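Asker: Each chain, letter by letter, is given below.
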Amino acid sequence: MSKERIKISEDLYDIMPSDYQDLVKSATYGKEDRGWKDIGNSKELIEQHSLCAGCPESMAFRYILASLPNPEDTVMVGSTGCTSLVFPMVAVHNIHSLFGNQNAIASGLKRALSVRFPGRTKDVVVLAGDGATVDIGLDMTLQAWFRQEKFTPICFDNELYANTGGQESGLMQKGFVAKMAPVGKLFDKVRLPEIARESGCHYVVQCTVSKPSLIEKVVRNAVMIAREIGPTYLQLYTPCILEIGKNSMEGLQEMRDSEKPTERFAYKEYISEPAKQLLAEVSAKDKEKKAAAKQLASQGA
Amino acid sequence: MADTHSVIGTKNKKGQTFTDTWKLMNEAPRTPSFFTGSEVIKEALRRASCDVMIAYPITPQSEAAALIGELFAEGYIGDYFRGESEFAVMSQCAGAAFGGARVFTTTAGPGTMRAMENFPMWAGARLPIQMIVTCRGINSPLSIQPDTLEIAYLLNTGMLVWHAETAQDFFDWILKGYMVSEEPDVHLPLALCCDGFFVTHTKDVVNLTPADMCLPPYDPYRSPVPCMDMECPPVRMMRDPFVMKSNYISYATHASWQQEVWAAVERSRKHTIKWLNGLIETENTDAEVIIVTSGTAVSQGREAIRLLDDEGIRCGLVKIKALRPWPGEEIREATKNAKHIIVPEFNVTGWMAKEIKATIPNSERVHAGPRVCGGMTMPPEIIVSEIKTLLGMRTMSLAGRGS
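First to last, the protein sequences are chains A and B.
For what it's worth, this note's numbering labels the leading residue of the first sequence as 1, then goes sequentially.
For what it's worth, this note's numbering labels the leading residue of the second sequence as 302, then goes sequentially.
Careful, some of the hints might be misleading.
If you want the footprint, here are the derived chain A segments under chain B, 3+ residues with CB under 8 Å [as the list claims (entries may be wrong)]:
no.	stretch
1	68-80
2	91-100
3	107-116
4	139-152
If you want a taste of the chain B side facing chain A, the calculated C-beta under 8 Å gives, among others [claimed, not checked]:
no.	residue
5	S386
6	M422
7	A426
8	M531
Quick look at which bits of chain B chain A covers, simulated, 3 or more residues with Cβ under 8 Å [claimed, not checked]:
no.	stretch
9	346-360
10	398-408
If you are wondering where the hints come from, they were derived from the structure by calculation, not from laboratory data.
Source: prediction; values computed, not measured.
All residues carry an ideal CB built from backbone N, CA and C; glycine is no exception.
So here's chain B without its partners, still in its complex pose (with noise of 0.2 Å):
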């Protein structure tokens, strides 16, 4: 069975030096690169020692999803195959993680709503694939644009659900996912989104760790179910199957085994604060008006925060990186002294501003807005005047907006 410690320091079929992960995210020299968020894709992907990706073509993430593709002809991921539909793409990426491989995948809006059923299951049969969500529009008429709907259909799944702000955000935590996802008592899967297009086609500065370091492989033998590759020993798992019956131990055992998946998304806490530096990133949390949101809608929401303090106003931030597990007594602490929290986003139902009411007390301080959809992009303006709205201030007169 494989030993993961004993590959350290070791190299692998490309020389790349297995190092250990906390030493290659933390104190591995790092070079800024100019790069497109889906060449940072496949820059994180040449150093997960990935065993296996399957790619299917959706806008936005058809380009990363090539990529890897490039990645497998120059001997960086063991196997590499486009399918035939999101479903199909997500119930392969579950047979190869049933059968001990690290496994990756990207797929957007439709596709993500397409392969729902496999995410449950995944999820259920704990199973640590790693996908990423390049959030895009679900909805008829038939829209490319970015839009994070799709992130609420993810929440109760039991995946992992992280939301990512910038290209760097992306790099680091493609490769810190796989060590939270693949902890002995979490083993579950990561969903990594971000704002499609915002994030995957545009260029940043990312600092990339050395390319001729990479992760330690994965070790299926440390996961909490078998792995189903007949390396050990195939008993039978019941007298008779659940499924079958309807009586209290049978409806016991599924109810005891979705609590575990749930307690298993609790107990990635701890990783995911070890990992990400806590489940949220906090600014000027003693300001009156505080901005809460995730992805992209941060990045509008620090523009924002400098317009505002140009005109003296002074606002907070809390970027919520964690979804589920839900940093809920990190806002609750974080939004303590706000009287106004302002809930940017990039969907039409307002998501997160439900959540967040969910989570702190005095609830009617959640202001759910601005949201933008269907692609519309989200000028801070408009989060600076919903501010000196809610202020009472006098605001100028946003074009189509009436006010």
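Just chain A, with the same shape it has in the complex (with noise of 0.2 Å):
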């Protein structure tokens, strides 16, 4: 899809919805350069949001959508939970289908559009809660992976069913106290950002949302690797800051807190070789794009 296909027929133009009036005029589909600095200056893919009040995961939300490196040609997916009530709000076209199977979905409908679009770009980019990805759709994220499907699934990590109010999760801490586990969780965090490198995935990244530039970066990163080379895999830390007892300014710090090195979401990250060929070839590309660009300008001053 190109911009093209959004614009408005004149005589209908003041009849139409203003956010998509606004997606006409100034959201950034084919922009190449797109990224977190343009949120603020252009038209967000992301039309309000009915989380809670200062909820990490909208951050999350917006950094994600500002940062797809091709919207105009990019399908997502997400499962039950928070993230299914922001995507009806979302343009981009996005499936909810059921609880747990988004991979599975995201296996059918890159397949589809690798028939029906030969040559060009579709990307499919999956989102979705820790229990869908870990829980009820463990099954399904691995033999995705496996399978070396060519999407990019990222998990919004809260570490617990947050939609249903709170209750124990695979991706929850040990001991936690939480709805269903009353004594505290038994068994330790899921380390699935291993299982995912053992799995197959070309590119993993374990982080939290509290730096729009980083979650740019790893995110175009995932997007391209999984297009060109394999299956990549994003896991966000987006604390529910209503079941952890926190306000809602507080969700940035306790981000910034749990992403200490000695903390369970410090930064980590693999890269397998074939992806690490791929990303110093597209720097090496920016670069000189850079260098064409400043040449130009220079000669123009």
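Using the supplied hints, reconstruct the complex from the two chains, each of which is provided in its own coordinate frame.
Answerer: See the structure below:
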């Protein structure tokens, strides 16, 4: 899709919703260097959200949507949970079908798009919570990796089932007392990033969403590597401030505290050899472009 | 955007000519071939212009699912892979259909049950996926034998449900099924059921359409809901997701969509009648006794009718082809003269008899049986015996049945 597709007939312009008019006027479809810095300067691809005030997941949503390298040809897949409350307001085609089947949906979707649009880039990005990714949907998460499906699952890890009211999940910390873990969780947080690496993912990052520039980098990398090489995986800490007893303004600090080098969300990254090579090529091309632009600018001056 | 009319007469990459489906099914020459049901499924798929097929092993559909893999290797199918479970496979089918592909899959018995959560989702999302159900036992202890109980679970999913009697039905209905499913005013998934083994593993003469002719491709832009491929504008769908709202508007939205799905099932009626030449087939509906059923129970009914005829007892037959949409009006009309309506079934609960009882006036005329299950065969003699008993005639004692 190009931005041409979302143009509005002049006769109908004034009756179209203002958010649609804004999408046509100033969204960033097709902008090659789009990123988190567009937030505030252009129409975002998310129109409001119905998450709790101060929810870090809302920040994550905005950064991810601002960072997708190719939103005009990206289809997103969600799952049941807090994310499914946001997707109806996202200006990228997105699918919600059932709880936990998001990576199966994405497998079929990516293959259908490859059959229907040979030679064209159609990215598929999955966004689901930790219950959907690690508990009810673990089978389909892993099998998509085993099969080397070329899309990017992103897990919003809030370490519990938030949307149903704070029940124990596999990614919850050991000992945490929650609904359905009345004496504290009895086993360790599942080590999905390591499992992802062993399952054949080419790019795995675990981090928090405290820094938009970092999210931009890892999202771009994950999508490009998935497009060219094979599966990638991002696990982002988006704490449920409600269920861990924090206030609306404390989400960012919670993430900063949890990403210290000794803490459980210290930045963790794995890149396979072919992925490293791809990233090096991309970075070399970017440098070339920048140098050429610089030269052009100096000539102009 | 694709325009199916423009491709008629052109060739696909395998050299098959995209052919108007009505001409393909009704006018193209047919070649008699001696095939198993599984091989017939493969031959239908060869002509179906299918984009994506997703497979999983479960008896008795494994052979068909693997044979379609051979078609993929030959280049007749866009993509094909083995999923990890029926639940995953049906979700993978959904993903492919959301992405605008013509999708095919096969399952059976416990696989159907494992995947069940997907089916109302398919219907609600208006995905015209075709799923072959080669029915088998679903109960414990484990059974792989023919048993149609799983069909009962599919009847309220919002899917179209057809029940094939023979391999010929199967061949024709796979191709015709897409034509009904993909109509813009229908756009619903189809469960095309048959009785496992009896149809899948026996050989029969089937008249095939030419292998160098195939269906026109699916055009996802005729769908009543947007295809998820970012080729049309992505607007936000709603201000607030209705799932979170406890108010009249949200309930009314969900209610009206469910009603719309079932209205689409109703709207499929006219297309189904056109393509299947009616939702039912009848013989001798002026007889006092009529056998009404679907699947291979119909074949057994035909044999029973022949045996009864030898004894001078006249018996009619109603073969139900489509279970959803349900041919209520047709069954009422066909059975209006009948004093006894016999419903032989290959399942323990007799769901077909219940459906018929709920359809016709004076439902005490319905005799819910004979029924066999767990893989038992249904010799025509037990249908004959049941009918003769009903008519107050002496009947031979059948082994193991007391009487």
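Asker: Evaluate each hint against the coordinates.
Answerer: Consistency of the hints with the structure:
1. Remark: the stretch 68-80 of chain A is confirmed as covered by chain B, as 5 of its residues place a Cβ nearer than 8 Å to a Cβ of that chain, reaching the required three.
2. Remark: the stretch 91-100 of chain A is confirmed as covered by chain B, as 7 of its residues place a Cβ nearer than 8 Å to a Cβ of that chain, reaching the required three.
3. With a cut-off of 8 Å between beta carbons, the stretch 107-116 of chain A has 10 residues touching chain B; three or more are needed, and the interface restraint holds.
4. Only residues whose C-beta sits within less than 8 Å of a C-beta in chain B count toward coverage, and the stretch 139-152 of chain A has 4 of them, enough to reach three; the restraint holds.
5. Taking 8 Å as the C-beta cut-off, the interface hint given for S386(B) holds, the closest approach to chain A being about 7 Å.
6. About 5 Å separates the beta-carbon of M422(B) from the nearest beta-carbon of chain A, less than 8 Å, and the hint is met.
7. Hint on A426(B) holds. Least Cβ distance to chain A is approximately 7 Å, under the 8 Å limit.
8. Hint on M531(B) holds. Least Cβ distance to chain A is approximately 5 Å, under the 8 Å limit.
9. Residue count for the stretch 346-360 of chain B with a Cβ under 8 Å from a Cβ of chain A: 3. That meets the three needed, and the coverage hint holds.
10. Counting residues of the stretch 398-408 of chain B whose C-beta lies closer than 8 Å to any C-beta of chain A gives 6; at least three are required, and the coverage claim holds.
Checked against the numbered hints above, the structure breaks none of them.
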